[in-house]
Amino acid sequence: MILLNKLRNKLVIGALIMASQGAMANLNIFTCEPEWESLVKEIGGDKVEVFSATTGLQDPHHIQARPSLIAKVRKVDMVVCTGAELEIGWLPLLIRRAANPKIQEAGPGYFMATQYARILGRPKTLDRSQGDVHAAGNPHIQTNPKNILPVAKALTVRMTALDPENGQLYQNNLDDFEQRWKQALDGWKKLTQPLKNLPIVVYHASWIYLEDYLKLERVDSLEDKPGVPPTSGHLAEILNKMKTHPAKVIIYAAYQDGRPAQWLSEQTGIPLVKLPFTIGGTDEAKDLFSLYDDTFNRLLKTVTP
Amino acid sequence: MGKTSRRSLVAMAIGLSLVHSIYAAEKAPSQKDIDQIRTELKLLKESYQAKIDELEERLAEAEQANEEVSDKTDNLAIELSQQGNQKAANTFNPGLGVILNGHALSSSKNRDFQIPGYQLSDETGPGAQGFELGESEVNLTANIDDKFYGSVTLAFGEGVEVEEAYLQTIALAQGFNLKAGRFFSNIGYLTSHHTHTDSFTERPLPYEAFLGGQYTDDGIQLSWIAPTQLFWETGFELYRGENFPAAGSAHQGQGVWTAFTHVGGDINASQSWRAGLSYLDAAVSDRQTPLGESFSGDSELWIADFIWKWAPEGNGSIHNAQIQGEWMGRKESGLFTDVNALTHIYDAHQEGWYLQGVYQFMPQWRVGLRYAQLSSNNLPSEFANTTLDNLNRDPQRTSLMLDWSNSEFSRFRLQYSQDKTQPESDDILTLQYIAAFGAHGGHSF
Chain U
1 MILLNKLRNK LVIGALIMAS QGAMANLNIF TCEPEWESLV KEIGGDKVEV FSATTGLQDP
61 HHIQARPSLI AKVRKVDMVV CTGAELEIGW LPLLIRRAAN PKIQEAGPGY FMATQYARIL
121 GRPKTLDRSQ GDVHAAGNPH IQTNPKNILP VAKALTVRMT ALDPENGQLY QNNLDDFEQR
181 WKQALDGWKK LTQPLKNLPI VVYHASWIYL EDYLKLERVD SLEDKPGVPP TSGHLAEILN
241 KMKTHPAKVI IYAAYQDGRP AQWLSEQTGI PLVKLPFTIG GTDEAKDLFS LYDDTFNRLL
301 KTVTP
Chain L
1001 MGKTSRRSLV AMAIGLSLVH SIYAAEKAPS QKDIDQIRTE LKLLKESYQA KIDELEERLA
1061 EAEQANEEVS DKTDNLAIEL SQQGNQKAAN TFNPGLGVIL NGHALSSSKN RDFQIPGYQL
1121 SDETGPGAQG FELGESEVNL TANIDDKFYG SVTLAFGEGV EVEEAYLQTI ALAQGFNLKA
1181 GRFFSNIGYL TSHHTHTDSF TERPLPYEAF LGGQYTDDGI QLSWIAPTQL FWETGFELYR
1241 GENFPAAGSA HQGQGVWTAF THVGGDINAS QSWRAGLSYL DAAVSDRQTP LGESFSGDSE
1301 LWIADFIWKW APEGNGSIHN AQIQGEWMGR KESGLFTDVN ALTHIYDAHQ EGWYLQGVYQ
1361 FMPQWRVGLR YAQLSSNNLP SEFANTTLDN LNRDPQRTSL MLDWSNSEFS RFRLQYSQDK
1421 TQPESDDILT LQYIAAFGAH GGHSF
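Residue numbers (our numbering), protein chains in the order written: chain U, 1 to 305; chain L, 1001 to 1445.
There may be inaccurate statements among the hints.
Unchecked claim - Below, in silico cross-link-like pairs of lysine-lysine (DSS-like), each with a Cα-Cα straight-line distance of 25 Å or less:
| # | chain 1 | residue 1 | chain 2 | residue 2 |
| --- | --- | --- | --- | --- |
| 1 | L | K1109 | L | K1420 |
| 2 | L | K1420 | U | K72 |
| 3 | L | K1179 | U | K75 |
| 4 | U | K75 | L | K1147 |
| 5 | U | K248 | U | K274 |
| 6 | U | K146 | L | K1147 |
It should be emphasised that the hints constitute simulated quantities derived from the structure, not laboratory data.
So here's chain U without its partners, still in its complex pose (with noise of 0.2 Å):
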């Protein structure tokens, strides 16, 4: 009878100590790229647990539904993701294999940021002649710092929905995260004003809301098609162009193959910069704020002498 007592405790203390866990997360937040795990952060703080399923160092498009992944969705009450296809060969499959219906597509906790970002570079035909086109457009919004507040506000109204009991707390971290932001963004103005029409050369066509908000001039791509790697003869046919129109900065994300653009680089002498593309792309780029920083200061530090 007191084992009986004794086992009725520590099923009970068991229960609480459970009981307190769950109060510490209120959600479990699965991201598909490291920008929105640091954005759920800032809008969550520690009522949220959050893990990216990439790093800055992989290829989003290029991700398998490993097991860990599998078994990270099966737990958790969100998915945050970029959407725009660019996760279309491994999130729908996370998610069906995963069998969780909290974040079943169209469903409160399936969140997909580029829904609430003006899209860039919607095809004008859907043919995989030409490359590996998303048909809803460029996914990668988060080259542009501009794209980032649309985007935390619609998540802190999904946030709340899905855990009224913290929403003045979401409502505050953001208010607090919206004021941070808007100084940065001022900073970043001035600090860019050097980069406008500046002419460039990417690997893949990860930049457009990049250029566009710094006003840069893409001279050429070195994946002739997206997707397909750049072929000899048109790294040849982007060194005859240099002649015509120079380019004055070669740019590729971190988690691309650099050698072709080190090989572009060395034969023009055009300098070569990578960028982090997202967070943890590079040592420096840490947070949401950083990633910025990083990505204008390696740019800036090609045109300032």
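Since chain U is already given, all that's left is putting chain L on it; use the hints.
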């Protein structure tokens, strides 16, 4: 005279008087003069500060208005572009995907495929000499409603065949998943994968011998994913039992049941793995060989599988590698009727395994090596000259492949196999293409 020019006149006057005062002060500086300068300077400062404040305020107002307009345009643009998004999504409902798969094969022996000692399904083997269409298929998928997902795959070979057609739940609680219809079993590793995702042209020997390439049939599947940190999936299937290794749809059309469990996870950012254990129990009723022999009885199959994948920092664009292997053990017991209509008591223990490695050594290019082997217990002499006579041999096959992918959607493969399934070894050279178009397929692990 305008307000501004009047102000500048005043300013000039003050300025002049100031200069004058300083000039005077230099001559005869007195406390009175200094005080006067101070007062004048203070007045001047105040007047300019007011003007500066006013201008700054106007500038801020203008910027604010500008930002509001810009915000409004942005919101409008987002709304407009979202309307476009919805259109794009609708064009892909249902998702329609097509796989093209074909090959040309050259074999030094050019013989019918058989593995002495093993009764095979009709569709097994590397294929015929020359050009041949492989498993080319059309796949339609869509969410049916808020609770079900549906998928149909039609395979085009010598005719049209319903390869898969099933309904699957998407919103059962607690990690449960129910599937019904015709679908690939989830036992082992390769069974649930379509052959066009394989790294080699044909399935490894144990799959050919024990599952006819892969087990598919009509039935139901219940699976459950545990709420653990480590991926852990367990499931149970019940099938009609029409297809190899079963036959005859025994037990009122519930001739096969299976159970499987898989665990998996990441070792670090670069390495991930999955391992599993599966069991298939088939009631076999009149499973015929091309010679006209027949087996009825019980067939049990155990499978242990593992796969390990590596890519530096999880980014496989330049280099990546994978190693996978499976072991299968089968026990068949029952009655075997030979071509002379003589019935024998059949009791066989057979085993098979394969191990393969694939390495992408530069973007777009991969090499792979696979070794596969079968072995079985020797049967009594009464089985001599029947299909089940293993000729005291352990069949083996070694394959070497090189493939090139132009993009994620097209792949070309050259494969050489040394096939030692029959006493005389056969050299087989295959050139294969695999291409996908339409809806984007999933990158399964």
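Verification of the supplied hints:
no.: 1; hint: L:K1109 to L:K1420; in the structure: 11 Å, holds
no.: 2; hint: L:K1420 to U:K72; in the structure: 44 Å, violated
no.: 3; hint: L:K1179 to U:K75; in the structure: 21 Å, holds
no.: 4; hint: U:K75 to L:K1147; in the structure: 18 Å, holds
no.: 5; hint: U:K248 to U:K274; in the structure: 14 Å, holds
no.: 6; hint: U:K146 to L:K1147; in the structure: 37 Å, violated
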